[in-house]
Amino acid sequence: MKPDCKAIDELLVDFLYDELEGGEREMVTTHLSGCAECAEQLSAMGGTRSLMSELPELSPSRDDTYVLAIAATEAKRRGEKKGVLGSLTKLGKWLVDRPAFVAVPVAAGLVLLVVGINLEDSIRSLFGASADALAGKETSVEPSVHREEAMNDWTVQREDAPRGPLVLSDEVVSEAEESPAEQEGSIGASDRSRASEVSPEPPRPDAAEIRRAPPARRSPPLPPPSPPVSRGRSATRPAPAGRPAARSSDSLGGVDSELYGSAKSASDLDASPPPAQRQTQARSPASPAPSSVTDGAVPAETVAEDEATSRIEAERDSAPDPHVDGYVSDAETAPALEGEAERATRSIVSSRQPRRAQRSEARAQRATLADSRQLAAEGMCPELLELLEAFYSSDVEMMAEAHYLRGRCLQRLGREEEARQAFGAAARISQDGRWGEAARSAME
Amino acid sequence: MKDESSDEALLRRYQTRGDARAFELLVLRHRRALFNFIARFVGNKDKAEDLLQDVMVKLATRAADWEGRASVRTWLFTIARNLAVDELRRARHRDAVSLDAVGTESSSVPMVERIAGVAPLPDRAAGASMIQPMLIEAIASLPEDQREVFLLREYAGVPFKEIAEITGTGVNTIKSRMRYALEVLRKALEERGVSGSEAEVVEDGGEEAALP
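The listed protein sequences correspond, in order, to chains V and G. If you use this note's numbering, the first sequence closes out at 444, no skipped numbers anywhere. If you use this note's numbering, the second sequence closes out at 212, no skipped numbers anywhere.
Rather than coming from a laboratory, the hints here were simulated on the basis of the structure. Ideal placement from N, C-alpha and C gives every residue a C-beta, glycine not left out. Each hint can be trusted.
Here are the simulated distance ranges between beta carbons:
1. VAL396(V) - GLU144(G): 58 to 64 Å
2. SER394(V) - GLU144(G): 56 to 62 Å
3. ALA39(V) - ALA96(G): 44 to 50 Å
4. GLY414(V) - ALA91(G): 46 to 52 Å
5. THR173(G) - ALA44(V): 19 to 25 Å
6. ARG69(G) - GLY379(V): 36 to 42 Å
7. GLU57(V) - GLU191(G): 21 to 27 Å
8. VAL396(V) - GLY68(G): 37 to 43 Å
9. ALA91(G) - THR65(V): 25 to 31 Å
10. SER6(G) - ARG412(V): 33 to 39 Å
Think about it this way: if two alpha-carbon atoms lie no more than 25 Å apart in a straight line, the pair counts; the simulated DSS-like pairs of lysine-lysine are:
11. LYS47(G) - LYS58(G)
12. LYS58(G) - LYS45(G)
13. LYS161(G) - LYS58(G)
14. LYS76(V) - LYS58(G)
15. LYS161(G) - LYS6(V)
16. LYS6(V) - LYS187(G)
Please model the entire structure based on the sequences and the hints provided.
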């Protein structure tokens with residue numbers, strides 16, 4: 001054996017199975033061409049391989065029905081909310097992966113608040129006594145603090161700031177709703193949304209009415225003497241201290257709760273109690289903003305806004321936000337999040353469904369239908385009925401197919417009347433489609 | 001962007017979305033290779049059917065355990081290998097117990113023959129190679145640690161590095177076991193009068209001939 005044979009010998013098995021990189025393979029090839037011993041070694045191994053390759057391949061004879069049934073059950077459990085809810089879950093996860101989507105509306109809320117604070121001065125000058133009276137009323141509830149201090153200390157003051165005017169909350173909600181770009185979670189979107197918020201153009205008084213914001217939450221221009229308790233839980237619930245992203249977290253502790261909270265902050269943009277409201281509310285005692293600010297908005301003082309915005313952003317960017325970090329890293333493993341995410345997405349989807357969510361929803365619906373077909377083929381009717389129980393699709397043919405599959409299973413289970421109804425539904429919604437046709441022929 | 005039909009993408013779909021279709025695709029993709037590995041490793045086709053099912057049930061119910069550190073294939077073969085090793089251990093235990101209880105009857109059937117199982121059906125045996133049972137015997141003659149490496153590399157096409165992960169062994173040890181396995185096989189075949197040149201005349205055999 002030549003001196004370098006040992007090194008080559010160690011590579012022979014790799015060479016035999018073609019697992020060598022270019023350089024090493026070349027080295028071995030070169031060596032083999034000049035070394036009979038090593039070539040013989042390789043040849044012996046190759047001969048054995050060649051013989052062993054004659055071993056016949058086996059096929060499992062048992063079919064996979066049992067395993068697939070387990071998987072279907074498991075899948076149902078796992079993706080319980082396939083169909084509409086499944087895509088909601090996914091959107092929730094999507095949100096979870098994009099804290100910017102949560103953070104941007106929060107920041108937007110803060111910006112608006114600052115706008116409002118500054119507007120307050122303008123209103124005061126415009127409306128004089130009534131505005132002062134209003135402000136006076138408010139300061140009698142909570143002592144007024146200089147707004148700059150408020151900005152700096154708001155996290156602390158929020159602790160003992162359970163109530164206050166919530167006038168900006170609807171704006172926050174509608175801003176969040178109105179910025180689909182934010183849903184892409186991009187920085188650019190953030191900038192855009194901020195730009196739109198600092199626009200000096202006053203909001204149209206009726207704009208908010210057009211939006212979906214419930215009138216009950218909208219505070220009247222001149223609130224009654226009572227504090228806005230009617231605003232729901234948020235008005236009476238003590239708000240925990242924390243950074244903006246974590247504010248919306250309620251009484252939960254630990255990272256999960258922070259995730260929970262963050263998810264909530266997205267969800268609650270629409271549903272009550274909105275965290276944005278809570279933020280506003282938390283800050284409001286420190287800022288004597290009268291409740292009529294929003295509707296009578298006048299051009300904002302952009303300097304103050306910019307200051308506030310940059311302060312907020314600096315805070316957000318400079319400090320490592322454990323909530324956001326934990327949010328991302330634990331997102332997939334926090335089961336508690338799912339429910340929240342669902343709620344979050346349900347509310348958001350209901351108001352303004354991003355195209356992506358619609359697409360993924362359609363995918364989930366198709367997957368559900370595919371599973372249903374499988375279950376139907378296997379005669380697993382109870383499972384199918386369960387799977388399709390909450391199925392909904394805006395796609396006519398998908399919906400018709402779901403009805404049709406239900407009908408087939410109900411028929412098989414001897415529930416003729418229900419089957420007839422299901423086929424009828426399929427035939428109705430898909431008058432010219434194949435599932436409608438299938439349903440009609442099934443009825444006959 | 002990752003291939004949406006990759007094993008990993010499919011498992012993620014099943015993991016996160018409960019996509020049963022993705023699961024089915026994974027099963028279809030891997031069941032044959034897993035089955036062959038298990039069947040050749042434990043030497044019992046019926047048992048292999050059970051174990052394959054166990055692997056798939058684990059895939060269905062424990063998908064959340066897969067963290068993406070290893071490939072799905074590595075993960076599946078790890079499960080299969082561990083189940084097969086357990087089965088062999090149980091089989092050894094059963095053999096030992098039955099040896100005590102009913103004398104030497106059980107142990108009189110060597111592993112090789114149990115693995116080889118029944119002889120090929122006559123009609124197949126006529127056309128098929130007579131060396132196939134010998135190949136099976138040769139594989140059965142390998143020590144377990146070499147057998148698993150050989151089966152994984154030769155038939156399942158798993159690279160040495162992955163085999164090292166599957167078995168929890170260093171890659172150099174794996175390669176060394178492979179060398180030994182090839183050597184043991186060569187000798188085992190030689191003892192049975194089969195040499196490399198005979199492989200040339202061997203025809204394709206029926207796949208069912210190999211195991212009971």
